[in-house]
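Please work from the sequences and hints to get the whole structure.
Quick mapping for you: the protein sequence lines, in order, are chains A and B.
In terms of this note's numbering, the first sequence is numbered consecutively and its last residue is 203.
In terms of this note's numbering, the second sequence is numbered consecutively and its last residue is 492.
It cannot be assumed that every hint is accurate.
Below, simulated DSS-like cross-link-like pairs (lysine-lysine); rule was C-alpha separation at most 25 angstroms, straight line [stated by the list, open to error]: (1) B/LYS301 <-> B/LYS277; (2) B/LYS188 <-> A/LYS197; (3) A/LYS96 <-> A/LYS9; (4) A/LYS192 <-> B/LYS29; (5) A/LYS197 <-> B/LYS34; (6) B/LYS464 <-> A/LYS197; (7) A/LYS197 <-> B/LYS289.
If you only want the chain A side, here are some residues facing chain B, beta carbon under 8 angstroms, derived [as the list claims (entries may be wrong)]: (8) LYS9; (9) SER12; (10) VAL34; (11) LEU36; (12) THR79; (13) ILE106; (14) ALA114; (15) ASP162; (16) ASP163; (17) TYR164; (18) ARG166; (19) GLY172; (20) ILE176; (21) TYR189; (22) ALA191.
Derived list of chain A stretches under chain B, where covered just means 3 residues or more per stretch with a C-beta under 8 angstroms from a C-beta of chain B [as the list claims (entries may be wrong)]: (23) 16-26; (24) 38-47; (25) 146-159.
Hints are computed from structural coordinates only; laboratory data are not their basis.
Every residue gets a Cβ at the ideal spot worked out from N, C-alpha and C, and that includes glycine.
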Amino acid sequence: MEKFTSHTGTALPLRRSNVDTDQIIPAVYLKRVTRTGFEDGLFAAWRNDPEFVANKPEYQGVSVLVAGPDFGTGSSREHAVWALMDYGFKVVLSSRFADIFRGNSGKAGLLAAQVEQDVIDQLWQLVEADPTTQVTVDLDAREVRAGDLVAPIDVDDYTRYRLLNGLDDIGITLGNEADITTYEAKRPSWKPVTLHA
Amino acid sequence: MGKTLSEKVWDEHVVRSAEGEPDLLYIDLHLLHEVTSPQAFDGLRIAGRQVRRPDLTLATEDHNVPTLDWDKPIADPVSKTQVDTLRKNAAEFGVRLHPLGDIEQGIVHVVGPQLGLTQPGMTIVCGDSHTSTHGAFGAIAFGIGTSEVEHVLATQTLMQAKPKTMAVTVNGELADGVTAKDLILYLIAQTGTGGGQGYIVEYRGDAISKLSMEGRMTICNMSIEWGAKAGLIAPDQTTFDYIEGKPEAPKGADWDAAVAHWKTLVTDADATFDKEIVIDAADVTPFVTWGTNPGQGVPLGANVPSPEDFSDPSDKLACEKALEYMGLEAGQPMRSVKVDTVFVGSCTNGRIEDLRLAAEIIKGHKVAEGTRLLVVPGSVRVRNQAMEEGLDKVFVEAGAEWRGAGCSMCLGMNPDTLAPQERSASTSNRNFEGRQGKGGRTHLVSIPVAAATAVKGTLASPADLV
Chain A
7 MEKFTSHTGT
17 ALPLRRSNVD
27 TDQIIPAVYL
37 KRVTRTGFED
47 GLFAAWRNDP
57 EFVANKPEYQ
67 GVSVLVAGPD
77 FGTGSSREHA
87 VWALMDYGFK
97 VVLSSRFADI
107 FRGNSGKAGL
117 LAAQVEQDVI
127 DQLWQLVEAD
137 PTTQVTVDLD
147 AREVRAGDLV
157 APIDVDDYTR
167 YRLLNGLDDI
177 GITLGNEADI
187 TTYEAKRPSW
197 KPVTLHA
Chain B
27 MGKTLSEKVW
37 DEHVVRSAEG
47 EPDLLYIDLH
57 LLHEVTSPQA
67 FDGLRIAGRQ
77 VRRPDLTLAT
87 EDHNVPTLDW
97 DKPIADPVSK
107 TQVDTLRKNA
117 AEFGVRLHPL
127 GDIEQGIVHV
137 VGPQLGLTQP
147 GMTIVCGDSH
157 TSTHGAFGAI
167 AFGIGTSEVE
177 HVLATQTLMQ
187 AKPKTMAVTV
197 NGELADGVTA
207 KDLILYLIAQ
217 TGTGGGQGYI
227 VEYRGDAISK
237 LSMEGRMTIC
247 NMSIEWGAKA
257 GLIAPDQTTF
267 DYIEGKPEAP
277 KGADWDAAVA
287 HWKTLVTDAD
297 ATFDKEIVID
307 AADVTPFVTW
317 GTNPGQGVPL
327 GANVPSPEDF
337 SDPSDKLACE
347 KALEYMGLEA
357 GQPMRSVKVD
367 TVFVGSCTNG
377 RIEDLRLAAE
387 IIKGHKVAEG
397 TRLLVVPGSV
407 RVRNQAMEEG
417 LDKVFVEAGA
427 EWRGAGCSMC
437 LGMNPDTLAP
447 QERSASTSNR
457 NFEGRQGKGG
467 RTHLVSIPVA
477 AATAVKGTLA
487 SPADLV
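Rendered as structure tokens:
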């Protein structure tokens, strides 16, 4: 995974709450068996609407998504994270994320940073007033900066550490394989198995 | 100080714990399906890794599969590729697979319990958010993303920060005709879709203890719809009776040892929860959703709300957008809403008890003119059982479509979808925009409401049929 320390880019103001993963990418787009190419499914239902904010010429090339509360609820599909990343997003800001979505983001290298709703409101105003506003999300310093705004972002310590160092979870866990083997030796014999000799 | 049920199960599975790091948690059962696994197997292949414990892994085909002509090759080439990829991966990595046409095929969350693989005190994961269903047995069960699927395949563990604990106590007794589905929809309407975020929730109290395993699964299934990490219910005699004799249940001395352990899986009297919610079962009535998230629900006897009813500006806006999408007028009685399609099925309500209840209500009635009723068993075993009991005949005589097993119309990934602006009453779990097909309008309902609605053609309860 690539290291993530800080990112600066233009932002998309998405004034919607409860954007579930079916909105981020509908199920019909989940049929690919590869890890890339999901950008065509991002916000698919809304992108037919020329008035949808992401379709406006001033919001092309954005890389920071400023979303309403309860972003990423619903289905566990990691494709939602891949679709956002394939489209070009590096960071999603929201006042509240669904747990699975936030976990998936951290694994895949998309920064899901939680900020207070009034910070979201200020970012929406700034970006809507001037879509070229550069938004910096600094994971090292744990803050978001845009115009005169400087506000803290909330990212858990472990996810931050992994993103800053670009670490791969499986590699870390396999470093502790002896602990797994020890644990397995203690499991009760009546626990079910799916394969029988 | 004592421990809660979820703390006991969690602590029994900690492989490694270190300050400032999430716990490394052992996974007892890893369930797979065709949608969220291909990229995980690919990751293993690229890294030259194996599946650590194929004997703790089970795969089935459910999301993509057609519920008609399932004996023929899958018509949609992309769906076929995904199913074929799972078959290839299962064969290459030695994973047990129940493919389309197999007697054990079905929705992954119906298959685990009916095989007896879902047992108290386990940790169970799957690349599917409705994995929370298995919590009904007193297991910690939750949905994971594809990166985590790969992690479990490679290590049989997951890195997880220990969630907070919450108790939802439901006192009293649910009234006649009020089901577990109404209870969970009622709860989500109180808490909102984010109310459970960060918590493992234990459902307890008299109304929960009295539920069948099917009802408990319905409740735990929808834990994710209010944002909970997982939901679980302490195992009791109802649980043990359900598991005993299932194909993969412990036998003989193993059974006795297992039950002895399972009986310890209760929240200690002196344990405390980080948060508690108390509900009076008597307050719960048949409940339906009007909007585009599972928290936007009202009693069936109520009217469609108005944006003016909400003080929070974001809720107000969400209501406006939902009414527009759903094609509803504020103030309109829910009972006046005309429904095109009724869907009975899914991992929420696609088990044998659900089909029995639907058949009991439908029997002697006809599906309303201009309405279609789709009955989709959750698994091949449920389908066969229903046919043994003659339930299929009841449905067909009423004018319903009796289908093969799968996720079907719960999500728009297989041929069973809504057309734009087509309206459904659905026993599934999500009413998100486009969930059942682009532009489709979904009302989440219980089995009795679904059955009565099919007969009336408008949202109704069995009481409206007499």
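Hints, verified against the model:
Of the pairs offered as hints, the one joining B/LYS301 and B/LYS277 is violated, with about 38 angstroms between alpha carbons and a cut-off of 25 angstroms exceeded. About 23 angstroms separates the Cα atoms of B/LYS188 and A/LYS197, which keeps this hinted pair within 25 angstroms; it holds. Our distance criterion of 25 angstroms between C-alpha atoms is met by A/LYS96 and A/LYS9, whose separation comes to about 12 angstroms. For the hint linking A/LYS192 to B/LYS29, the alpha-carbon distance of about 22 angstroms falls within 25 angstroms, and the restraint holds.
With a C-alpha separation of about 16 angstroms, the suggested pair A/LYS197 and B/LYS34 falls inside the 25 angstroms cut-off, and the hint holds. Among the hinted pairs, B/LYS464 with A/LYS197 is inconsistent with the structure: their alpha-carbon atoms are about 43 angstroms apart, more than 25 angstroms. Of the supplied pair hints, the one linking A/LYS197 and B/LYS289 holds, its CA atoms being roughly 15 angstroms apart against a limit of 25 angstroms. At its closest, the beta carbon of A/LYS9 sits 17 angstroms from a beta carbon of chain B; the interface hint therefore is violated under the 8 angstroms criterion.
Of the supplied interface hints, the one on A/SER12 is violated, with its beta-carbon coming no nearer than about 22 angstroms to a beta-carbon of chain B, more than 8 angstroms. Interface hint at A/VAL34: satisfied, since its Cβ lies 6 angstroms from the closest Cβ of chain B, which is below the 8 angstroms cut-off. The restraint placing A/LEU36 at the interface with chain B holds, with a minimum CB-CB distance near 5 angstroms, inside the 8 angstroms limit. The interface hint given for A/THR79 is met, as the beta carbon of that residue sits about 5 angstroms from the closest beta carbon of chain B, less than 8 angstroms.
At about 6 angstroms, the closest approach between the beta carbon of A/ILE106 and any beta carbon in chain B falls short of 8 angstroms, and the interface hint on this residue holds. For the restraint placing A/ALA114 at the interface with chain B, the shortest Cβ-Cβ distance is roughly 6 angstroms, inside the 8 angstroms limit, so the hint holds. Checking A/ASP162 against chain B by beta carbon gives a least distance of about 7 angstroms; that is within 8 angstroms, so the hint holds. Given hint, A/ASP163 at the interface with chain B, holds; its Cβ is 6 angstroms from that chain's nearest Cβ, closer than 8 angstroms.
For A/TYR164, the interface hint holds, since its Cβ comes within 8 angstroms of a Cβ in chain B; the closest pair sits about 6 angstroms apart. For A/ARG166, the interface hint is violated, since its Cβ never comes within 8 angstroms of a Cβ in chain B; the closest pair sits about 11 angstroms apart. Because the closest C-beta pair between A/GLY172 and chain B is about 14 angstroms apart, greater than 8 angstroms, the hint is violated. The restraint placing A/ILE176 at the interface with chain B holds, with a minimum CB-CB distance near 5 angstroms, inside the 8 angstroms limit.
At its closest, the beta carbon of A/TYR189 sits 4 angstroms from a beta carbon of chain B; the interface hint therefore holds under the 8 angstroms criterion. About 12 angstroms separates the beta-carbon of A/ALA191 from the nearest beta-carbon of chain B, more than 8 angstroms, and the hint is not met. A count of 5 residues in the region 16-26 of chain A with a Cβ less than 8 angstroms from any Cβ of chain B is obtained; the coverage claim is therefore met, three being the minimum. Against chain B, the region 38-47 of chain A contributes 4 residues with a C-beta closer than 8 angstroms to a partner C-beta. That satisfies the three-residue criterion, and the hint holds.
Using a Cβ-Cβ cut-off of 8 angstroms, 0 residues of the region 146-159 of chain A lie near chain B, which falls short of the minimum of three, so the contact claim is violated.
Hints 1, 6, 8, 9, 18, 19, 22 and 25, counting from the list given before, are not met by this structure.
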